[in-house]
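A.B. asks: Chain by chain, the residues run as shown.
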Amino acid sequence: GDSVTQMEGPVTLSEEAFLTINCTYTATGYPSLFWYVQYPGEGLQLLLKATKADDKGSNKGFEATYRKETTSFHLEKGSVQVSDSAVYFCALSRAGAQKLVFGQGTRLTINP
Amino acid sequence: GAGVSQSPRYKVAKRGQDVALRCDPISGHVSLFWYQQALGQGPEFLTYFQNEAQLDKSGLPSDRFFAERPEGSVSTLKIQRTQQEDSAVYLCASSSSWGVDTQYFGPGTRLTVL
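Residue numbers (the working numbering), protein chains in the order written: chain A, 1 to 112; chain B, 1001 to 1114.
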């Protein structure tokens, strides 16, 4: 069945550091890929998405590129801020299946 | 109030009790989803509605779990004879169309079964 594997956390970085959170997937066909973020005390929010191979999703300085050849969708940010501290979830959805399949989440803490 | 709302936000139940969790989706959203999120894990799919039709209930863990959306808007997730393993955050999400589309999540209901 479909599955998503994320880099295990927790991840702790200093402000202005470069961030990568790895995500790989297994799915039949060509799924859409998503990154969701959960800030402390808040609900899940969509951060970015990509719907086909080689698409790049971007938002709030975060980027992720849909790599079909490596079945990956790694999240990157060039300079993190304290306000980026949150739990990040990689997810996929297949056309016709509708539901989201999530990874286990990566907790990110940014220290000033 | 444009977002997805859920009630109650917190629910404590004694083992064996029945509970009902409510979801109000974004107005006009066709699709509605329920997910279960155990502590420290990612959300797991439970069931999916398109308007009032329940099109996928493959994720419901047992016949103690039942969901409905009778008028194609508000949805209720009911858990009968709750067990300790049912303790989790229950998330509701809605989306505006039939295709693969952005799902907007509510704040969740944290269920604790004693």
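Misleading hints may appear alongside valid ones.
[What the hints assert, rightly or not] Listed below are several chain A residues computed to face chain B (Cβ distance under 7 Å; list not exhaustive):
1. Tyr39
2. Gly43
3. Leu44
4. Leu47
5. Gln104
6. Gly105
In short, the hints are calculated from the structure, not lab data. All figures in this text were calculated on a predicted structure; none of them were measured in a lab. Here a beta-carbon is modelled for each residue, glycine too, at the ideal position from N, C-alpha and C.
A.B. asks: So which hints don't hold here, by number, going up?
C.D. replies: 1, 4
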